[in-house]
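Sequence lines, in order, name chains A and B. Under my numbering, the first sequence has 206 at position 206, and the numbering climbs by one with no breaks. Heads up, my numbering is the position in the second sequence plus 261, with the first residue counted as 1.
Hint data in this document are derived by calculation from the structure and do not stem from the laboratory. Mixed in with the good hints, there may be bad ones.
What follows is a list of derived Cβ distance ranges for each label pair [claimed, not checked]: (1) B:Arg318 with A:Asp106: 47 to 53 Å; (2) A:Ala169 with B:Val333: 36 to 42 Å; (3) A:Ala260 with B:Ala282: 52 to 58 Å; (4) B:Val293 with A:Ile211: 37 to 43 Å; (5) A:Thr134 with B:Ala511: 33 to 39 Å; (6) A:Ile211 with B:Ala286: 53 to 59 Å; (7) A:Gln217 with B:Ile456: 56 to 62 Å.
All C-beta atoms, glycine included, are put in the ideal place defined by N, C-alpha and C.
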Amino acid sequence: MRSRLATLAVLAAAALGLAACGSGSTTGTPTTTGPSGPGGTITVFAAASLTESFTEIGKQFEAANPGTKVVFSFGPSSGLATQITEKAPADVFASASTKTMQTVVDAGDATGTATFAVNTMMIATPADPSEAVTSLEDLTNPDVKTAVCAADVPCGVAADALFAKNSLAVTPVTREVDVKAVLSKVQLGEVDAGIVYVTDVKGADGQVNGIEIPADQNVTTDYPIAALTGSSNAVTAQAFVDFVQSAAGQKVLADAGFSAP
Amino acid sequence: MSRARGRSATAPPWPVALPAALAVAFLALPLVGLLVRAPWGRLWEVLTSPTSLSALRLSLVTGASSTLIALVLGVPLAWWMARSSMRGRSFLRALVTVPLVLPPVVGGIALLLAFGRRGVVGQYLWEGFGIQLPFSTPGVVVAQVFVAMPFLIITVEGALRGLDGRLEEAASTLGAGRLQVFREVTLPLIAPSLIAGTVLTFARALGEFGATITFAGNLEGVTQTLPLAVYSGLEGDPAEAVVLSLLLLAVSVLILVALRDRWLRTGAAS
C-alpha cells in the first residue's frame with residue numbers, strides 16, 4: 001500500500017512536470033489542396049500581438065476561400081522561430097520582428113519576406129490606476145512597478161530600445177515571456193504599468209488604460225510575413241500571405257491599431 | 262497482495278513485447294534527443310554564465326525553503342488527517358489532492374487572485390504592510406509550496422495510516438505522552454516515507470514552472486528559477502535552454518537514485 005502510494009505520487013509528479021513543460025504546438029497539415037487554388041488546412045505561426053487581428057483575418061480568408069481552414073499558433077515570435085527552424089509543421093510565419101524572421105530565412109525555412117504592418121509601443125496601466133503614471137519618465141520611479149517582455153522577445157527588445165532612446169533607467173519587476181503576459185499582469189493590477197504594443201491596448205477593450213508615447217520618443221516595430229519553404233500546402237500558404245497584404249487584410253490590421261508599412 | 266510464483270505462469274505473452282518496447286522508446290527518445298543535441302563544447306561556458314548560476318542558486322534556495330515549509334506545515338496535517346476521527350476528513354483529503362491534479366498555471370492564477378496585490382488576502386498584505394508576493398522570491402516559495410506540499414502530505418499520511426498501531430499503544434501504556442510517542446515511536450517508523458516524501462517535494466518544487474511564472478513572474482536573480490531560465494533561454498539562445506535542461510535532468514536522475522530503494526524496487530518490497 002505504501003509503495004503503491006509512493007508510486008502514484010511519483011507518476012503524478014512526472015505527469016505534472018510534463019504538463020508544465022508542454023508548450024509545443026504541432027498541428028498536422030493535411031494536403032487536400034487541388035492544383036486549381038487554395039484549399040485544405042494551413043497552420044499559421046504568428047506573434048502574440050497579432051492574436052486578435054489574425055484570428056479575424058483567418059475567418060475572412062476562410063470565408064473568401066471555401067474549403068480552406070486556417071489554424072493559428074500564437075506565441076512569442078522568437079519561440080515560434082525556434083519551433084520553425086526545428087521543422088515544426090507550419091505553413092506561414094508572421095513575426096513581430098525582422099530579426100527573428102531573419103533567423104528563419106537564414107535557416108532556409110523561408111525565402112521571400114514582406115513587411116505587412118508596423119506597430120508602436122504604448123504604456124498600459126490598470127483600468128483603475130492606483131499610482132499616477134502619466135509618462136515614460138514616471139516608470140523610473142522605484143515605487144512604480146513595471147512589467148516588460150523578456151529581453152530576447154521582440155516586445156522586450158522594443159521596450160529596451162524605448163528606454164535607451166529616452167535615456168531612462170527603468171528596472172522592471174518582471175520580464176514576461178510574451179506581450180499578452182505583460183498585459184494580463186497589468187489587467188490584474190499586479191503592476192502599475194506595462195510596455196506593450198498600441199494594438200494590445202486597443203485589443204484589451206477598455207480593460208487597461210493606454211498612455212500614448214509621443215512619436216519622437218517612441219520606437220516602431222516592423223512585422224514581416226513569409227510562406228515557409230517546408231509548407232506542404234504552398235498554394236494556400238501564399239494565398240494567405242497575399243490576403244494579409246490585400247485591402248481586406250490591411251483594413252483588419254488598421255482597425256486593430258497597426259500602421260501600414 | 263499475493264503474487265503468483267514461477268516465471269512461466271506470470272510472464273507476459275510475446276505480443277506484449279511490441280507495445281512495451283514502443284513505450285520504452287517513447288520515454289527514452291526525448292532524453293536521447295537532449296543528450297545528442299546538447300552543445301557539449303559550450304557546456305561549461307553556459308553552466309557558469311551569470312544567468313545559469315543565479316537561476317541555479319535561486320532554485321536551490323527556494324526549493325529548500327519550500328520543502329522546509331512543507332515539512333513544518335504538512336507533517337502535522339498528515340498526522341491530523343491520518344489519526345483524527347473528525348468529520349470532513351475525506352473532504353480534506355480531496356482538497357489536499359487538488360493541487361496535484363490542477364494544471365500548475367491554473368494554480369498560479371488562483372494564487373494571484375488570492376495573494377496578488379488586489380487578491381482576496383493579498384490586498385490586506387499590500388495595504389497594511391506594503392507586501393507584494395508576486396515578483397518576489399517569497400512569491401516563488403509560495404507557488405512551490407502550493408504545488409509541492411501535497412506530495413509530502415499524501416506520502417506521510419499514507420504511511421501513518423498503514424502503521425501498526427500496537428507499538429504506539431504499547432509506548433502509550435508505558436507512560437509516554439502523545440507527542441513523545443509521535444517523536445520516539447511513530448516518526449522513526451515512518452522515516453522512510455518521510456524521506457521519500459521530502460525528496461519528492463523537493464523535486465516537484467525544483468521543477469515548478471507554471472505556477473511560478475504566472476504568480477511570481479520572471480526576473481533574473483529574483484524569480485527566475487531553472488525551469489524559467491530554460492523557457493526564457495528558448496526565446497534567445499536555444500543552446501542555453503538545452504544545457505540547463507541537462508542540468509535539471511541530472512538533478513532528476515540524482516533524485517531517482519536517492520529514491521531507488523523506495524521506488525525502483527516496489528515489486529519486491531511492500
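task: List, from low to high, the hint numbers that the structure doesn't satisfy.
output: 1, 4, 5
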